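As they're listed, the protein sequences go chains A and B. First residue of the first sequence? That's 1 in the numbering used here, and the numbers climb one at a time after it. First residue of the second sequence? That's 1 in the numbering used here, and the numbers climb one at a time after it.
Everything labelled a hint here was simulated from the structure, so no lab data went into it. Source: prediction; values computed, not measured. Idealized CB from N, CA, C, for every residue including glycine. A couple of the hints might just be wrong.
As the list claims (entries may be wrong) - Covered stretches of chain A, going by a simulated chain B footprint (3 or more residues, C-beta under 8 Å): (1) 48 to 55; (2) 118 to 126; (3) 196 to 206; (4) 249 to 256; (5) 259 to 272; (6) 292 to 302.
Unchecked claim - Below, a list of computed lysine to any residue pairs in the SDA-like style, where the Cα atoms sit at most 20 Å apart: (7) A/K42 x B/D77; (8) A/K42 x B/G134; (9) A/K175 x A/K42; (10) A/K197 x A/E272; (11) A/K42 x B/R119; (12) A/K42 x B/P103.
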Amino acid sequence: MSDDVAGNGAQGATGTDAVKAGLARMLKGGVIMDVVDAEQAKIAEDSGACAVMALERIPAEIRKAGGVARMSDPEMIMGIQEAVTIPVMAKCRIGHYVEAQVLQALEIDYIDESEVLTPADEASHVDKRAFTVPFVCGATNLGEALRRVAEGAAMIRTKGEAGTGNVVEAVRHMKTITQDIRRVASATPDERFAIAKEMAAPLELIEWVGLHGRLPVVNFSAGGIATPADAALMMHLGAEGVFVGSGIFMSEDPPARARAIVEATTHWDDPEVVARVSRGLREAMPGIEIAELGEGGLLQTRGW
Amino acid sequence: MSGGDARRPRIGVLAVQGAVSEHEAALADVGARTSRVRSAADLEGLDGIVIPGGESTTFGLVAGESGLLDALRARVDDGLPVLGTCAGMIMLASGIAGGGPQPLVGGMDIVVRRNAFGRQVHSFEAPVDVPVLGDPPVRGIFIRAPWIERVGPGVEVLAEHGGHPVAARDATRIVAAFHPELTDDRRLHRLFVEGVRQKAAASEHEEDTVVGAQ
């Protein structure tokens with residue numbers, strides 16, 4: 001991580017590592033909800049979301065519609081920014097740094113360089129150090145997470161498998177990251193050279209993880225969370241908060257479900273609360289078995 | 001109601017959402033015991049409480065529904081020492097300038113403006129002179145930070161930045177728009193915990209006197 005882009009605002013130094021990673025710290029323990037318009041954004045805020053993710057179509061719809069998924073219309077994003085006081089995030093395509101520049105010009109609070117959109121560059125992710133706005137990126141294992149951190153990501157989330165309502169991939173990715181961290185932490189200094197090579201991650205970051213036993217930035221879970229119990233499960237597994245995409249607005253009663261998932265994320269280790277808030281939520285979004293997607297249907301394999 | 005050991009007071013951290021572990025680490029560094037507060041029952045036995053940074057709308061909503069907000073307000077009104085940073089400062093204000101109504105703890109005679117310095121691209125860090133903490137200035141990390149727009153007579157401004165009050169205190173409350181818990185500087189936490197210690201020692205002394213009289 002570097003302070004390369006730290007600029008000088010009217011009040012002080014903007015875009016520093018502390019300022020970028022700091023906002024993610026303020027989001028911890030919270031739920032970030034995908035929304036497609038101002039009305040949904042308001043529902044999310046009124047349900048206790050700690051931030052919203054503005055996008056044109058939620059992942060389940062993107063999956064259905066097919067074609068190329070791109071950054072959202074700035075008009076729509078601005079409408080959402082007007083509607084709520086909580087942070088507004090938006091997605092750019094992997095490697096599409098002009099979309100990221102547009103989002104920064106719109107003063108979006110966090111950019112998700114996301115595999116849910118169609119990748120724009122098959123070789124490189126965005127150099128996130130060159131931005132004042134912080135980035136969150138998806139990861140399926142520690143090496144991938146640390147490559148994104150090296151590029152300047154100030155927050156990590158599991159990729160999971162977006163738009164499926166099936167939490168199994170998010171669980172796999174969170175457990176893999178945790179297991180990878182344990183392995184690095186228990187490795188001897190000389191073994192960490194080999195691990196850095198094997199995981200294709202910078203040695204300094206592997207050593208940092210070894211010393212501290214955690215990722216250098218906040219780690220949320222995303223991709224397939226559809227119920228309050230799903231959210232609580234991810235918190236048990238070590239997530240510091242959750243993203244819920246299709247799970248809320250593809251369900252039958254979005255406000256009630258949004259509210260319940262927020263409660264379950266705060267009270268994740270209290271099964272009585274999770275039980276109480278899970279009652280009477282009507283139908284969750286229809287889920288998809290991962291095997292039905294086939295290799296080509298997976299979003300998590302986008303990015304590297 | 002006291003945690004029972006004035007030297008190592010028990011400080012709760014409101015744990016609805018937000019930067020909880022950072023405050024726990026800072027409090028431990030200055031010799032306090034900590035516990036997380038998610039329900040009204042968790043307020044039992046606390047000598048003080050911290051309301052961390054996070055989203056104040058989330059705090060108000062989640063704590064409001066469970067009855068925690070009312071219980072917390074009652075304890076704070078009753079003199080439980082409290083430290084609020086960023087969203088915590090918003091929660092303790094008696095009013096919000098230019099914003100719609102939102103559930104607050106309230107009680108401190110200040111009016112704050114949310115996101116006063118702008119969206120995240122305008123978030124910044126800068127040295128902030130806090131005379132009560134001495135030299136050097138605090139490394140002030142301001143994240144979508146509020147400022148204090150109006151200060152009542154019983155409130156002492158502890159720091160200003162860009163012409164706006166950004167830290168203040170009254171008899172039992174300390175608030176800051178920035179995040180000392182994101183730095184290694186423990187002076188603000190020490191100031192808070194010192195106040196809690198003095199209050200806890202005074203109330204232990206009171207209890208001793210009552211027992212002695214029986």
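Query raised in the report: So which of the earlier hints does this model not fit?
Result: Violated hints: 2, 3, 4, 6, 7, 8, 9 and 10; rest satisfied.
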